[in-house]
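Peer 1: Please build the complex by placing chain Z on the supplied structure of chain V, with the hints as guidance.
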Amino acid sequence: MAERTVIPFGPQHPVLPEPIHIDLVVEDEHVVEAIPSFGFIHRGLEKLVEKKDFNEFTYVAERVCGICSYIHGMGYCQAVETVMNIELPPRAKYLRTFWAELSRAHSHLLWAGLLADSFGFENLFMQCWQIRETILDVVEETTGGRVIFGAAKIGGVRRDVDADTLKRCAAKLADAARSFEELKRVFRDDYSVKKRLCGVGMLSRDDAWRLGAVGPTLRGSGVATDTRLEGYAAYGDLKIQPIVETACDSYARCMVRLHEITQSFELIQEIVARTPDGPVFEKPKGYPNGEYFARLEQPRGEVIYYVKGNGTKNLSRFRVRTPTFANIPPLLHMLQGCELADVGLLVLTIDPCISCAER
Amino acid sequence: MKPLAMTKLSLRNLFKAPATVAYPVVPRTYYPATRGRILIEPTTCNLCVICDVRCPTKAIKVDRKGQTWAIDRLRCIQCGACVEACPRKCLATGNQYSEPVTAKSIDVVPIPFVPPPPKPKPAAPESNDAKTSPV
Numbered sequence: 001m002a003e004r005t006v007i008p009f010g011p012q013h014p015v016l017p018e019p020i021h022i023d024l025v026v027e028d029e030h031v032v033e034a035i036p037s038f039g040f041i042h043r044g045l046e047k048l049v050e051k052k053d054f055n056e057f058t059y060v061a062e063r064v065c066g067i068c069s070y071i072h073g074m075g076y077c078q079a080v081e082t083v084m085n086i087e088l089p090p091r092a093k094y095l096r097t098f099w100a101e102l103s104r105a106h107s108h109l110l111w112a113g114l115l116a117d118s119f120g121f122e123n124l125f126m127q128c129w130q131i132r133e134t135i136l137d138v139v140e141e142t143t144g145g146r147v148i149f150g151a152a153k154i155g156g157v158r159r160d161v162d163a164d165t166l167k168r169c170a171a172k173l174a175d176a177a178r179s180f181e182e183l184k185r186v187f188r189d190d191y192s193v194k195k196r197l198c199g200v201g202m203l204s205r206d207d208a209w210r211l212g213a214v215g216p217t218l219r220g221s222g223v224a225t226d227t228r229l230e231g232y233a234a235y236g237d238l239k240i241q242p243i244v245e246t247a248c249d250s251y252a253r254c255m256v257r258l259h260e261i262t263q264s265f266e267l268i269q270e271i272v273a274r275t276p277d278g279p280v281f282e283k284p285k286g287y288p289n290g291e292y293f294a295r296l297e298q299p300r301g302e303v304i305y306y307v308k309g310n311g312t313k314n315l316s317r318f319r320v321r322t323p324t325f326a327n328i329p330p331l332l333h334m335l336q337g338c339e340l341a342d343v344g345l346l347v348l349t350i351d352p353c354i355s356c357a358e359r
Numbered sequence: 001m002k003p004l005a006m007t008k009l010s011l012r013n014l015f016k017a018p019a020t021v022a023y024p025v026v027p028r029t030y031y032p033a034t035r036g037r038i039l040i041e042p043t044t045c046n047l048c049v050i051c052d053v054r055c056p057t058k059a060i061k062v063d064r065k066g067q068t069w070a071i072d073r074l075r076c077i078q079c080g081a082c083v084e085a086c087p088r089k090c091l092a093t094g095n096q097y098s099e100p101v102t103a104k105s106i107d108v109v110p111i112p113f114v115p116p117p118p119k120p121k122p123a124a125p126e127s128n129d130a131k132t133s134p135v
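Just so you know, the sequences run in chain order V and Z. Heads up: the first sequence is residues 1 to 359, going by our numbering. Heads up: the second sequence is residues 1 to 135, going by our numbering.
If you're looking for bench data, these hints aren't it; they were derived computationally from the structure. Only a predicted model underlies this, so the values are computations on that prediction, with no experimental measurement involved. Just so it is clear, CB atoms sit at the ideal spot from N, CA and C, and this is done for glycine as well. Certain hints may be false.
As the list claims (entries may be wrong) - The calculated lysine-lysine pairs, modelled on BS3-like cross-linking and capped at a C-alpha distance of 30 Å, are:
| no. | chain 1 | residue 1 | chain 2 | residue 2 |
| --- | --- | --- | --- | --- |
| 1 | Z | Lys16 | V | Lys313 |
| 2 | V | Lys194 | V | Lys47 |
| 3 | V | Lys172 | V | Lys184 |
| 4 | Z | Lys58 | V | Lys51 |
| 5 | V | Lys51 | Z | Lys61 |
| 6 | V | Lys51 | Z | Lys65 |
| 7 | V | Lys308 | V | Lys285 |
| 8 | Z | Lys61 | Z | Lys16 |
Said to hold, decoys possible - Here are the in silico distance ranges between beta carbons for each label pair:
| no. | chain 1 | residue 1 | chain 2 | residue 2 | range |
| --- | --- | --- | --- | --- | --- |
| 9 | Z | Lys8 | V | Arg210 | 16 to 26 Å |
| 10 | Z | Pro18 | V | Asn310 | 51 to 61 Å |
| 11 | V | Glu133 | Z | Pro32 | 16 to 26 Å |
| 12 | V | Glu50 | Z | Leu14 | 49 to 59 Å |
| 13 | Z | Asp63 | V | Arg178 | 34 to 44 Å |
| 14 | V | Ala171 | Z | Pro18 | 19 to 29 Å |
Next up, chain V with everything else stripped away, as it sits in the complex (with noise of 0.2 Å):
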């Protein structure tokens, strides 16, 4: 029997864009065991809900994450708009779904990037972030920001969006998704990718449901769910169909990925034909008193924002469940019986946001 070790993983890797910790028993090239360790980024967010008013929380929530930080602020929107029976005006909620799309697709063409980076394909990994420039471009365009849209509001949207602006960004959106669908194919056909990632960190179907894993990494062992099917914001009135594949390997999660940035630039169209004129703010009456659990799908999964106001400005709890707090059990599962030179892919597959689960 061989002798075993313990590998340090991270906190600074090649392939981590932020820190965490794992220590890897192996026993020759294969993993055993995996022992993970957080903390290293943890900046104490949800405790600043008791110092901040509920208002400029919001600028807050919105900086839990460097990538989905539209989602994150527009979820604490949704929670505390929902505690103060607040309805958004239909434009507002269209505005929304817009930029939560655009933030979907950025997020997931980042990660196709850093995913080709991974094992060495530089060119394709440049190619996908050419692509996600447009989309920075079109969020620059109709926010005034590129990474923090600053674009939620309590109440609504803070900027309207003229029709011709919203025109012209889906012409722009319409010839990145063509291009998109050039690096698409070299992600489905090519031999290098394949090799990579086919068969690669198995998370059957029982086990995904069982250790709790969401969004893409659990859409790709064949569980159909999508929390963009409750309806929430202008969802009600798009067409979601929730994508899966069922070979439950990284390839598998990968093309979750890549089909959900095509179904993203066709929803960006839908919505831009059918976003209704009127106003974008409803003013907020009163202060938050009540709690709520807000779901919502973020690039990497469903995320559960929860709100407690207690009738004054200040909220009296704010707590976030992200995505990659959820999808770690499963990566310890799948790193378990892997070759060490995939253990960085692997980590990648689950799409970390580290920030997020440690706020």
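Peer 2: For chain Z alone, coordinates are given in the frame of chain V:
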């Protein structure tokens, strides 16, 4: 499964102009909506302090006595709360980012606002004593 599935795309890229811009030789174009930095029109400001109160990061400091409006550019998150709150519309979000700096500093803008003279107090009513006092 195809080897070199990327070849067609790569060859096409060889004959295309670069996707990147030769910054700073070619300046970046910003959109009208870009939130670059906060600008102030000092002549319309009346030092009402609302921007100071609304700023979530406490980047703006208004000194009514010294008649100055100051902003710490490195604290400012360009959220636009001050621009929305300003009653005189003297604040705006410029679409150019602030200049890079080597040391932390605070931009201080003198405000030439002249407060209106205090309203004259209403004349005190004549006291009853005066009426009743013997002449």
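Peer 1: Assuming the hint says 51 to 61 Å, is it satisfied by the Cβ distance from Pro18(Z) to Asn310(V) or not?
Peer 2: Holds, at about 56 Å.
Peer 1: Regarding the pair Lys61(Z) and Lys16(Z), is the alpha-carbon distance no greater than 30 Å?
Peer 2: The hint is violated at about 50 Å.
Peer 1: For the pair supplied as a hint, Lys51(V) and Lys61(Z), is the alpha-carbon distance within the 30 Å limit?
Peer 2: 20 Å, holds
Peer 1: Is Lys16(Z) close enough to Lys313(V), meaning Cα to Cα at most 30 Å?
Peer 2: 56 Å, violated
Peer 1: Would you mind confirming whether the straight-line C-alpha gap from Lys194(V) to Lys47(V) stays at or under 30 Å?
Peer 2: 44 Å, violated
Peer 1: Check the hint pairing Lys308(V) with Lys285(V) against an upper bound of 30 Å on the C-alpha distance.
Peer 2: Answer holds: Lys308(V) to Lys285(V) is near 17 Å, not above 30 Å.
Peer 1: Could you see if the CB distance from Glu50(V) to Leu14(Z) stays within 49 to 59 Å?
Peer 2: Cβ of Glu50(V) to Cβ of Leu14(Z): about 58 Å, so the range 49 to 59 Å holds.
Peer 1: Taking the beta carbons of Glu133(V) and Pro32(Z), is their distance inside 16 to 26 Å?
Peer 2: 19 Å, holds
Peer 1: Please check whether Ala171(V) and Pro18(Z) have a Cβ separation lying inside 19 to 29 Å.
Peer 2: 23 Å, holds
Peer 1: Verify the proposed pairing of Lys51(V) with Lys65(Z), using a straight-line Cα cut of 30 Å.
Peer 2: 29 Å, holds
Peer 1: Holds or violated: Lys172(V) with Lys184(V), Cα cutoff 30 Å?
Peer 2: With a Cα-Cα distance of about 18 Å, the restraint between Lys172(V) and Lys184(V) holds, given a limit of 30 Å.
Peer 1: Is 16 to 26 Å a correct range for the gap between the Cβ atoms of Lys8(Z) and Arg210(V)?
Peer 2: 43 Å, violated
In summary, the numbered hints that this structure violates are 1, 2, 8, 9, 13.
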